[in-house]
Every structure is written in C-alpha cells, then in structure tokens.
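S.K.: Please model the complete structure; the sequences and the hints are all you need to start from.
Line order of the protein sequences matches chains R and A.
Just so we're aligned: 294 in my numbering is position 283 of the first sequence, and the numbers increase by one with no gaps anywhere.
Just so we're aligned: 99 in my numbering is position 88 of the second sequence, and the numbers increase by one with no gaps anywhere.
Because the hints were derived from the structure by calculation, they are not lab data.
One should not assume that every hint holds.
As the list makes no split between identical chains, a pair holds if one copy fits it or if it spans any two.
As the list claims (entries may be wrong) - List of simulated lysine-lysine pairs, DSBU-like, C-alpha gap at most 30 Å:
id, residue 1, residue 2
1, Lys297, Lys166
2, Lys123, Lys13
3, Lys238, Lys264
4, Lys28, Lys123
5, Lys306, Lys264
6, Lys205, Lys28
7, Lys146, Lys172
8, Lys297, Lys172
9, Lys28, Lys146
10, Lys205, Lys306
11, Lys238, Lys205
12, Lys123, Lys238
13, Lys99, Lys166
14, Lys102, Lys146
15, Lys146, Lys306
There are 2 protein chains.
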Amino acid sequence: MKNTILVVGSVALDSVKTIHGSTDRALGGSAVHFSLSASNFSPVKMVGVVGQDFPAHFSRFLSRRNICTEGLQVEPGRTFHWVGEYDKDFKNATTIATHLNVFQQFRPCLNKDHARCGVLFLANIDPDLQRGVLKQARTSRLVACDTMNYWISLKRRSLLKLLPDVDLLFVNEEEARQLTGEHNLIRAARIISKMGPDAVVIKRGDSGAMLFYGGETLSMPAHPVEKVVDPTGAGDTFAGGFVGYLASAPDWKNFAALRRAMAYGTVMSSFSVEDFSVRRMGRLSKTEMCRRYEKYVSALRVS
Amino acid sequence: MKNTILVVGSVALDSVKTIHGSTDRALGGSAVHFSLSASNFSPVKMVGVVGQDFPAHFSRFLSRRNICTEGLQVEPGRTFHWVGEYDKDFKNATTIATHLNVFQQFRPCLNKDHARCGVLFLANIDPDLQRGVLKQARTSRLVACDTMNYWISLKRRSLLKLLPDVDLLFVNEEEARQLTGEHNLIRAARIISKMGPDAVVIKRGDSGAMLFYGGETLSMPAHPVEKVVDPTGAGDTFAGGFVGYLASAPDWKNFAALRRAMAYGTVMSSFSVEDFSVRRMGRLSKTEMCRRYEKYVSALRVS
Numbered sequence: 012m013k014n015t016i017l018v019v020g021s022v023a024l025d026s027v028k029t030i031h032g033s034t035d036r037a038l039g040g041s042a043v044h045f046s047l048s049a050s051n052f053s054p055v056k057m058v059g060v061v062g063q064d065f066p067a068h069f070s071r072f073l074s075r076r077n078i079c080t081e082g083l084q085v086e087p088g089r090t091f092h093w094v095g096e097y098d099k100d101f102k103n104a105t106t107i108a109t110h111l112n113v114f115q116q117f118r119p120c121l122n123k124d125h126a127r128c129g130v131l132f133l134a135n136i137d138p139d140l141q142r143g144v145l146k147q148a149r150t151s152r153l154v155a156c157d158t159m160n161y162w163i164s165l166k167r168r169s170l171l172k173l174l175p176d177v178d179l180l181f182v183n184e185e186e187a188r189q190l191t192g193e194h195n196l197i198r199a200a201r202i203i204s205k206m207g208p209d210a211v212v213i214k215r216g217d218s219g220a221m222l223f224y225g226g227e228t229l230s231m232p233a234h235p236v237e238k239v240v241d242p243t244g245a246g247d248t249f250a251g252g253f254v255g256y257l258a259s260a261p262d263w264k265n266f267a268a269l270r271r272a273m274a275y276g277t278v279m280s281s282f283s284v285e286d287f288s289v290r291r292m293g294r295l296s297k298t299e300m301c302r303r304y305e306k307y308v309s310a311l312r313v314s
Numbered sequence: 012m013k014n015t016i017l018v019v020g021s022v023a024l025d026s027v028k029t030i031h032g033s034t035d036r037a038l039g040g041s042a043v044h045f046s047l048s049a050s051n052f053s054p055v056k057m058v059g060v061v062g063q064d065f066p067a068h069f070s071r072f073l074s075r076r077n078i079c080t081e082g083l084q085v086e087p088g089r090t091f092h093w094v095g096e097y098d099k100d101f102k103n104a105t106t107i108a109t110h111l112n113v114f115q116q117f118r119p120c121l122n123k124d125h126a127r128c129g130v131l132f133l134a135n136i137d138p139d140l141q142r143g144v145l146k147q148a149r150t151s152r153l154v155a156c157d158t159m160n161y162w163i164s165l166k167r168r169s170l171l172k173l174l175p176d177v178d179l180l181f182v183n184e185e186e187a188r189q190l191t192g193e194h195n196l197i198r199a200a201r202i203i204s205k206m207g208p209d210a211v212v213i214k215r216g217d218s219g220a221m222l223f224y225g226g227e228t229l230s231m232p233a234h235p236v237e238k239v240v241d242p243t244g245a246g247d248t249f250a251g252g253f254v255g256y257l258a259s260a261p262d263w264k265n266f267a268a269l270r271r272a273m274a275y276g277t278v279m280s281s282f283s284v285e286d287f288s289v290r291r292m293g294r295l296s297k298t299e300m301c302r303r304y305e306k307y308v309s310a311l312r313v314s
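M.R.: Put into structure tokens, the structure is as follows:
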C-alpha cells in the first residue's frame, strides 16, 4: 500500500482541435492523464466521476494500464466535456465550451482502501474539495497537489489553507507569478514554499521545469519534441511521471530522487504531446520509456 | 596561435536603464562582451573601431583581462552609443537611441597576426562585412558567427552567402524562426544546418539553449539567476564561453566538447546579467567560474 497512489481529479471527454487534426469526445481529464503516466511506476487508484455516457471501453482501457477505477462513480447525466482549440504555436488554448455536467456535483468520497494509500495526488479541482479529500485520507508518505489560475484568483483563501498540508506543489509559470506577485521564478518558488509545500515544481512547457527544494533550485530542460500534436494533459502527465517515480522510490526527500523525478516527468510529458488525447500514453512501452529516459539523462551528463 | 580567438564586432558605450538602476556610457558592444567571456579560456584578439571619446581606461581594462586590443582602431569622431531601457520582466528592450557614429564606417582590416588566428568569431555586424573578414582570415579551426533580426530581414542574401563558410551559428529563438519560417526549434535548426553551419546554437534566454549537431539535438537549461540586473550582452557572453571553451579544447567536433561548451556558455552568461555593463565579468575570478560550472553540471547529473 505504501507505494500505491491515490489520485482525485477530473475525468473528461475532450474535443480538441490543433493544426494536426481533431478529436471528438476523446478520453481526457487531469486524473486520467496523471494516472496513465504514474501507473508506469506504481499502482494507481483513481477517484472521480463520470456520466452515463462514459464509454465502458475507456474504463477497461484504464484498468489494463494498472489503474484501479473502482473509485470512479457513475452518476446520472453526462460526463465533463471540454471543447478547445490550440493555435499553431501551441502557446494558447482557446476554450470553446466547458460542460461541467456531473463534475459540477463532484464530492470525492474515499473508501477505507483509498484512504490508506501511501501517496496522494490532488489533481486540479476546487481547493475546498482538495481539503475535503485530505481530511478523509489517513496517512500518506507524500501529498502532492496541482492547481490553476481560476482557483488562485477565486479561491485564494481556500488554497492558502490547503498548502500547509501539501508536501509537493505543481504550478506553471503564470500560476507561480499569480500566486506570489513575483516575476522571478526562484523568488516566487521560495515564497510558495513558505506557504507550506516542502517542494515546489514550476512547469514551464517547452522551457522545461524548475524544482525548488531545501533552499536549492534545479532547472531541467524539456525533452525536445519535433512534432507536437496535442499538448492537452502534458502538465498532468509530467506530474504523473514525477509522483509515480517518487512513489516507487524508497525515500523521496532527497535531491537524487527529486532529480530523477524531474527527468521522468519530463520524459513522460514529451511522449504525451506526440498524439491526441491519451493515444501515445496508451501505447507506450516500458522499453520506449526507459530508452528515452536514458537518452535524456545521458545528454545532460557533462563530463 | 591555434587556440587564439579573433573576434570582429562592435565596441560601444551603452546607456542602459533597468528597474535596478542605470548606466551612462558604460563599456559594451558585442566584441567586448564576447571577449570578456572567451578570454577566461583562451587568448583573444579584438578587431573593432572606437571614437576619440573612448576612455583609455576601458582599453587598459580589456588588456588586463587577456584581450589584445591592438586591432582596436581609433577614428575621428565618437564611439558607437546605444541608449536603451528594459521593462521590469527583462523581456523587451526598448531602443531609445542608436548613434552608430564611427561604427557606421567600420571596415574591418586584419593584420597578418589576426589572419592566422585559429578560431574566428564574427560578432553581429553586417553580413557583407563578416564575409569580408572571412576572406582576409587564412586558416581557422573554427569559424563561429552571430547575427540579428535586422540582417535576416534586410541582408538575407548576404547572410545566406556567408553561412556555407560558417561552422557554428548562434541565433536566438525569434531569429531561428525568422530565418527559416519554421516555428518548431528542432526543425528550424535542421533547416539552418542545411544552409551551411555544422552546429547551430539557439539561445533562449532564461529558457536555456539548444544545440543542433550531427542530426542530434541537445537542450540545456539556463542557470537560474535570482536577481537579473542588466541582460545586455548576455548572448555574446554565452557565445564567448562557448567558443572560448572550444578554442581551448583539443577537438571541438564531438558531443562531449560541445556539451561542455553549452555548459560554459550558460554559466558565463548567468554571471554577466548580475550587474550592469561588464562589471560582473570584470571582477569574475576563475574560482567563482569553476565553482558555478561544477554546481551547474552536477545538478544536471541524474544518477
């Protein structure tokens, strides 16, 4: 149980358009992207909600990838549906429609088995719900958390109440700046760490990621991707590789482990953007994963 | 002579304003920033032009830093003077005035000694002048070159004539995209390498740098800087560390050497932005340089 990861977050159907094509109601959501990445390292249990329209083959697909979907409630109504479009540079996503549907009433409820998981990942949902989950969870080796601009501006107080109980926070550049009012990322990360989390990871897209831990900063580059097809879920896939690796490590509170976690997060997210939805992650083999990881870390080894 | 670097470029007086203060007619210019970085690794000879107002103590300062200024012509008139201001995020520099002065008539002329240098760095000047220098230079182990958006749009044909004779080209992200019409940096670098250079380095500011060589891509992160004071010359300082290290290496055409060059370029530029003008580079010790280099490369060593 020590290595088992519980993830609580959104399960969605995404209709996405990019210069390389489009999808209609493809599998998505923060909990899904995270799980498909993390489950390469550790067993994952997912808590979320879907509607009656959620295709059964999506649940079977998740189960085949080492993800327990017993905590996936099916509620009357339709599944959370996001419709979005990316510009040609993949810099900006335009939301065309957000149908929260059954997700609007989501009140995560953990059973005994969920509550005992060693590692908890609070994917990007309302910080009040995240706190509710934390209260239900018993002991955890590691509590990791993600959030977004929406909660930082509209539920700031709730978020600040949550952070002292979080070990590891993921934010992107804009969120780090928004949360702290500080442009410089080192200073922003230091301010965030004073809000509670021992480790702060700032995701920077194709500029890589920055880790702040124990007063030290570590920057790692993105793994260069020649053809980005769909960046949806790249951040959650990064967190999945990061937290997934740490769950499998004997001890996460050291730079050697955190450095490997950064590398795994980077490598996993580089796969996820190569195809629409979860297609690339769905067909990812351990061999491909290890090969790209080795390539990535050996390229950074300056002799 | 094999390791001696000849640099041909601008020598300027810069009046710069940032949120941390300002300078008035401080030492600057591409050849200066490059030389102060490269001279930590290899002897540097500088070819450029200044006016009669150029302070003698600036020339003495350069000489003390292992830079031969015999090729610095003094012409009647005033020195190239740039007046600029950075916004608080250091993303955009606004040019308030560019007084080319004596630099407008600059026609670089190499003596026998200059022409025999093993390594040549063509700093950012008119590509026709860069070609003129190349014709005068005899043999070179390595020809490196920088350019800018202005020449890419206004002297594109001259630049394309120059590139087949260049081994190593430095551009920033926008320049790479402008030169190729390709947004993806890997694809852009591949197109540039087909224009001539064996190695292409794309400088990405606080997102690090990307190297393209032998069909392979290497990304390295920036060294995080907590307080950027003045980013003027950071790109030339990067090139100085890169080319300076390669000039001191027995053979530059391999990934191990190029990787170290990337790391040295990164580390040198991280120093240069910490103070105005050349102040930080002027007081940089070998010990500080080696310490930060070791810190940078060991942080990237994923075990």
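S.K.: It remains to establish, for every hint, whether it holds in the given structure.
M.R.: Here's how the hints hold up against the structure:
1. Proximity of lysine 297 and lysine 166 under a CA criterion of 30 Å is satisfied in neither setting, with 39 Å inside one chain copy and 50 Å between copies.
2. Taking the shortest Cα distances, lysine 123 and lysine 13 sit within 30 Å of each other inside one copy (14 Å), while across copies they are farther apart (72 Å).
3. When the C-alpha separation of lysine 238 and lysine 264 is checked against a cutoff of 30 Å, the pair qualifies only between copies, where the shortest distance is 28 Å, while the shortest distance within a copy is 35 Å.
4. For a Cα distance limit of 30 Å, the shortest separation of lysine 28 from lysine 123 qualifies neither inside one copy, at 40 Å, nor across copies, at 61 Å.
5. Proximity of lysine 306 and lysine 264 under a CA criterion of 30 Å is satisfied in both settings, with 25 Å inside one chain copy and 20 Å between copies.
6. Proximity of lysine 205 and lysine 28 under a CA criterion of 30 Å is satisfied in neither setting, with 39 Å inside one chain copy and 32 Å between copies.
7. Proximity of lysine 146 to lysine 172 under the C-alpha cut-off of 30 Å is restricted to the intra-copy arrangement: shortest distance 13 Å within a copy versus 68 Å between copies.
8. Neither within a single protomer nor between protomers do lysine 297 and lysine 172 lie at most 30 Å apart by alpha-carbon distance, with minima of 39 Å and 47 Å respectively.
9. Proximity of lysine 28 and lysine 146 under a CA criterion of 30 Å is satisfied in neither setting, with 39 Å inside one chain copy and 51 Å between copies.
10. Taking CA atoms no more than 30 Å apart as the test, lysine 205 paired with lysine 306 passes between copies only; the shortest distance there is 25 Å, against 35 Å inside one copy.
11. Taking the closest pair of Cα atoms, lysine 238 and lysine 205 come within 30 Å of each other only across two copies (19 Å); inside a single copy the shortest separation is 38 Å, beyond that limit.
12. Taking the shortest Cα distances, lysine 123 and lysine 238 never come within 30 Å of each other, neither inside one copy (44 Å) nor across copies (48 Å).
13. Taking the closest pair of Cα atoms, lysine 99 and lysine 166 come within 30 Å of each other only across two copies (28 Å); inside a single copy the shortest separation is 32 Å, beyond that limit.
14. In this assembly of identical chains, the alpha carbons of lysine 102 and lysine 146 never lie at most 30 Å apart, being 37 Å within a copy and 43 Å across copies at closest.
15. In this assembly of identical chains, the alpha carbons of lysine 146 and lysine 306 never lie at most 30 Å apart, being 41 Å within a copy and 41 Å across copies at closest.
Hints 1, 4, 6, 8, 9, 12, 14, 15, counting from the list given before, are not met by this structure.
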